[in-house]
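Q: If you're matching them up, the sequences are chains A and B in order.
Sequential numbering of the first sequence, starting at 63, is according to the numbering used here.
Sequential numbering of the second sequence, starting at 4, is according to the numbering used here.
Hints are not guaranteed to be accurate.
[Said to hold, decoys possible] Derived contacts from chain B toward chain A, CB cut-off under 8 Å, selection only: (1) E123; (2) P129; (3) F347; (4) M351.
None of these hints come from the bench; they were simulated from the model.
As the structure is a prediction and not an experimental result, all values here were calculated from the model.
From the three backbone atoms N, C-alpha and C, an ideal C-beta is built for every residue, glycine too.
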Amino acid sequence: MMQQEYKQLDMRYEEAELRSKRKNQSWIDRTWTFFSSVKVGLWLIGLIIIASGVGTIFPQEMYIPQAIPPEEFYGKEYGTAGDMYYALGFHNLFESWWYIGLITLLLLSIIIVSIDRFFPLYRALKKQPVIQSDRFMGGQRFGAEATGTVNQIDAIEPLLKKKGYKIRRQDGALLAEKQRFGRWGPYINHIGLVLFFGGAMLRIVPGMHEDELLWIREGETLPVEATDNEYYLENNAFNIEFYDPAKEDEKFSEALKRAGGSVPKNYDTQMTLYKKDGMTDDFKPKLEKIKTGETAVNQPFEFGNYQVFQEQYAADPEFKTMSFNIENQKTGKVVDTIKVDLRNPQETYPLKDGYEVELKDFLPDFVVKDGKPTTNSSRPVNPAFVFTIKSPEHPEGERSLIGIKLNVGGDENQYKMGFAGTELSNISGVRIKKDLTLPFLFAGGMIFMFGLLLGMYWPHRRLWLKETNGQINIAGFTNKNALGLQKEANLALTEVGLPSLEDRQKLREEGESK
Amino acid sequence: MNLLSLSSNLLLASFILYLISTGFFAVATSGKKGPTRSGKIAFSLAILGFAAQLGYFFTRWAGAGHVPVSNLYEYTTFFGMMMVLGFLIVYGIYRNNVLGLVAMPVALLVIAYASMFPDEVQPLIPALQSVWLKIHVTTAALGEGILAVSFATGLLYLIHATDFSKESKTRTWLEVVMFSLACVVGYIVVGLLFNALGTNSTIEYVAKNGATMQHEYTMPVLTGPENGKIISGSGAVAELPNFLNANKVNTVLWSLIGGVVLYALLRFVILRKRLAESLKPIARKIDLETADEISYRAIAIGLPIFILGGLIFAMIWAQMAWSRYWGWDPKEVWALITMLFYVFYLHMRIQRGWIGKKSAWLCVGGFAVIMFNLVFVNLVVAGLHSYA
Numbered sequence: 063m064m065q066q067e068y069k070q071l072d073m074r075y076e077e078a079e080l081r082s083k084r085k086n087q088s089w090i091d092r093t094w095t096f097f098s099s100v101k102v103g104l105w106l107i108g109l110i111i112i113a114s115g116v117g118t119i120f121p122q123e124m125y126i127p128q129a130i131p132p133e134e135f136y137g138k139e140y141g142t143a144g145d146m147y148y149a150l151g152f153h154n155l156f157e158s159w160w161y162i163g164l165i166t167l168l169l170l171s172i173i174i175v176s177i178d179r180f181f182p183l184y185r186a187l188k189k190q191p192v193i194q195s196d197r198f199m200g201g202q203r204f205g206a207e208a209t210g211t212v213n214q215i216d217a218i219e220p221l222l223k224k225k226g227y228k229i230r231r232q233d234g235a236l237l238a239e240k241q242r243f244g245r246w247g248p249y250i251n252h253i254g255l256v257l258f259f260g261g262a263m264l265r266i267v268p269g270m271h272e273d274e275l276l277w278i279r280e281g282e283t284l285p286v287e288a289t290d291n292e293y294y295l296e297n298n299a300f301n302i303e304f305y306d307p308a309k310e311d312e313k314f315s316e317a318l319k320r321a322g323g324s325v326p327k328n329y330d331t332q333m334t335l336y337k338k339d340g341m342t343d344d345f346k347p348k349l350e351k352i353k354t355g356e357t358a359v360n361q362p363f364e365f366g367n368y369q370v371f372q373e374q375y376a377a378d379p380e381f382k383t384m385s386f387n388i389e390n391q392k393t394g395k396v397v398d399t400i401k402v403d404l405r406n407p408q409e410t411y412p413l414k415d416g417y418e419v420e421l422k423d424f425l426p427d428f429v430v431k432d433g434k435p436t437t438n439s440s441r442p443v444n445p446a447f448v449f450t451i452k453s454p455e456h457p458e459g460e461r462s463l464i465g466i467k468l469n470v471g472g473d474e475n476q477y478k479m480g481f482a483g484t485e486l487s488n489i490s491g492v493r494i495k496k497d498l499t500l501p502f503l504f505a506g507g508m509i510f511m512f513g514l515l516l517g518m519y520w521p522h523r524r525l526w527l528k529e530t531n532g533q534i535n536i537a538g539f540t541n542k543n544a545l546g547l548q549k550e551a552n553l554a555l556t557e558v559g560l561p562s563l564e565d566r567q568k569l570r571e572e573g574e575s576k
Numbered sequence: 004m005n006l007l008s009l010s011s012n013l014l015l016a017s018f019i020l021y022l023i024s025t026g027f028f029a030v031a032t033s034g035k036k037g038p039t040r041s042g043k044i045a046f047s048l049a050i051l052g053f054a055a056q057l058g059y060f061f062t063r064w065a066g067a068g069h070v071p072v073s074n075l076y077e078y079t080t081f082f083g084m085m086m087v088l089g090f091l092i093v094y095g096i097y098r099n100n101v102l103g104l105v106a107m108p109v110a111l112l113v114i115a116y117a118s119m120f121p122d123e124v125q126p127l128i129p130a131l132q133s134v135w136l137k138i139h140v141t142t143a144a145l146g147e148g149i150l151a152v153s154f155a156t157g158l159l160y161l162i163h164a165t166d167f168s169k170e171s172k173t174r175t176w177l178e179v180v181m182f183s184l185a186c187v188v189g190y191i192v193v194g195l196l197f198n199a200l201g202t203n204s205t206i207e208y209v210a211k212n213g214a215t216m217q218h219e220y221t222m223p224v225l226t227g228p229e230n231g232k233i234i235s236g237s238g239a240v241a242e243l244p245n246f247l248n249a250n251k252v253n254t255v256l257w258s259l260i261g262g263v264v265l266y267a268l269l270r271f272v273i274l275r276k277r278l279a280e281s282l283k284p285i286a287r288k289i290d291l292e293t294a295d296e297i298s299y300r301a302i303a304i305g306l307p308i309f310i311l312g313g314l315i316f317a318m319i320w321a322q323m324a325w326s327r328y329w330g331w332d333p334k335e336v337w338a339l340i341t342m343l344f345y346v347f348y349l350h351m352r353i354q355r356g357w358i359g360k361k362s363a364w365l366c367v368g369g370f371a372v373i374m375f376n377l378v379f380v381n382l383v384v385a386g387l388h389s390y391a
């Protein structure tokens with residue numbers, strides 16, 4: 063029995079007419095064809111892979127130390143290669159127009175390729191006939207031929223039904239099909255990807271995304287700009303705890319020794335949230351307490367659409383207040399004590415018995431530059447003061463410069479300022495975030511995974527049987543897992559006395575290699 | 004005996020069991036085709052070894068008080084374990100002994116490599132204290148472990164399909180792969196050797212930012228920092244500019260030396276032929292179609308798991324811990340590259356008909372990307388994920 067050889071068909075799109083495969087194309091068609099080419103998509107993926115890899119050779123701009131300007135950092139740290147990296151813009155690769163451009167092109171390609179193929183494929187599968195031509199059946203990867211009767215086809219129907227196939231019959235011929243939905247898998251996961259990236263792009267829509275880093279001292283209440291100053295946050299206390307090799311964490315002692323420094327165990331900020339409710343008479347915001355709570359790493363504090371993340375903390379705490387004793391150096395008698403609030407220092411401090419201290423100058427971050435005392439920053443990390451003590455004996459005042467382990471010009475004076483304690487305050491760096499795009503990203507991710515699993519694990523399988531003049535023609539199709547189809551179909555075929563499916567692709571390849 | 008020392012004994016036991024299992028796989032493949040008795044013994048030993056390693060994992064978990072995947076030692080060990088699991092799953096489906104003979108040694112190599120890192124338990128920094136540590140890291144490692152099976156079968160495919168008597172690109176590149184594996188072995192052997200010899204040195208130097216830093220060498224010093232001052236041990240043969248980490252360069256050099264010596268020994272003294280060629284009798288026992296199909300299925304199973312663990316769970320956790328789901332950290336970027344690479348593979352295979360050799364090369368390349376992310380990104384590039 064000679065059987066005719068047919069060319070194997072490309073069944074990916076059921077031979078449907080794709081717009082991208084049309085001849086005589088207009089420029090719209092040509093653009094369409096360009097983006098609907100899988101080849102173009104794969105080139106884009108390849109380029110993104112290479113660019114991303116190059117972007118990790120040296121750290122990105124956002125991860126380098128802030129003290130050094132980037133144009134100097136790369137050359138200093140990595141030599142000529144670093145200079146080139148910076149000059150070519152790789153230091154900020156992932157926000158560069160061309161990287162974002164590549165991703166946009168890939169998205170466009172995904173969208174167009176999906177539209178180009180989905181609708182023709184959907185129509186082709188929807189209106190597929192039960193009886194297919196010999197060319198079609200012979201062109202399938204799996205097939206077999208034998209002499210037989212329609213009775214055998216009738217007999218196989220319940221067997222295939224039991225395997226979950228949906229059966230259609232026409233003039234004795236049979237089409238068994240299952241898991242057609244598996245064919246939609248790739249399109250579903252592409253939709254998921256588009257939703258994900260589309261969601262990420264929604265950030266540029268005003269109001270969708272707010273991001274603010276707020277440095278907030280203990281005891282301080284600050285407006286949250288990300289909420290249009292509608293909400294205020296108060297830092298009630300900042301706690302930090304380190305692993306202690308001497309105590310309960312003895313098993314970690316070796317690792318802690320290797321780490322060299324102290325390893326934080328936990329840090330969190332106790333905070334109170336206020337809502338602004340108009341202004342008071344002296345033009346200060348009237349604050350209504352909403353709630354208290356804490357933010358710790360991995361456990362953000364939440365209100366409305368906002369989350370407050372514990373992000374950083376200042377390595378060295380600031381001085382909050384400093385107290386001084388006004389002492390008579392001769393008798394050692396303390397006249398009085400003052401407390402200077404470093405965030406809000408006063409000009410004069412009236413004392414008992416007509417004494418008075420004047421704060422002539424306050425240097426929060428004291429340094430000596432060119433022989434002159436000055437301040438490095440406005441943060442009270444190394445405060446120094448120029449005081450004048452007015453006393454009955456010295457009504458014009460005695461002047462001295464007082465700082466930490468510093469007393470200039472005070473030795474000869476009758477009265478001196480002596481340290482009488484300080485209060486420190488930690489500074490917590492919290493990030494306030496609102497991101498309404500997250501649900502889109504989450505949905506996109508889930509749809510992507512769903513489509514991926516659908517396409518990977520639910521193969522679309524079909525079996526055609528038709529009888530003509532005592533000849534039975536069998537054809538089989540699956541888009542995944544060829545062995546699975548053969549196993550399933552052969553069991554049913556042999557039970558009704560029909561031959562097993564042949565893998566014609568394999569036969570053809572073997573024929574070619576001989 | 005406390006939990007932690009019990010744990011390391013269990014790991015040692017599993018290592019030895021894997022080793023014996025590999026031996027039995029070798030016996031099984033030297034016989035006739037099909038599942039022989041030794042094949043069954045080898046498989047049972049591999050399961051036993053896996054059970055012992057699970058024992059290591061859970062006793063260490065109990066001993067440390069947190070899931071042991073938080074530093075390079077723990078993660079790499081776990082990755083090796085997931086490779087074994089991936090192999091066991093695939094073996095369960097295909098009962099192929101040849102695969103065992105390649106997959107088990109690669110897993111052994113990974114576990115041995117892990118032992119080069121400090122193995123004491125470390126406390127968790129606040130960012131790592133989350134249930135997502137368990138979920139994200141274990142899922143990602145499982146995905147990578149299953150993907151690694153496709154490396155084993157891809158390699159087998161290439162060796163089987165290559166005619167070593169003729170000059171070809173495949174022949175050359177296969178030797179490059181074999182040489183890279185030799186360098187990993189070289190690194191481990193040299194590391195253990197110098198550890199036993201106690202060749203420690205400390206060199207002090209002044210870094211760019213003016214701070215005085217120290218390099219602690221465990222291997223004899225070939226490359227030292229510029230104007231280094233020897234605190235203890237030996238001095239450097241050559242000095243390097245300080246934007247290169249002289250200590251890391253030194254380790255890489257020694258690994259290369261170890262790799263070259265090992266490779267030369269195997270190639271010219273012991274086997275007297277190309278390393279890949281000497282594996283050909285083994286590779287011939289797996290038919291090309293099966294090797295190709297296993298590669299594809301390993302990726303079909305491994306990739307969704309990897310995407311879920313290495314990207315989706317990762318993003319969820321990053322959002323909670325760092326307030327952003329994506330930050331272009333090198334580890335994140337390389338996880339994305341891993342995904343894109345396998346996506347590239349799938350499209351090439353399904354859409355452009357890349358099967359056989361080309362597809363097998365992509366399987367090998369994918370594993371190279373995974374290893375790059377594990378080794379180089381942690382040790383060289385360093386970012387938020389360099390906890391070790």
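Q: If you test the structure against every hint from before, which numbers come out violated?
A: none
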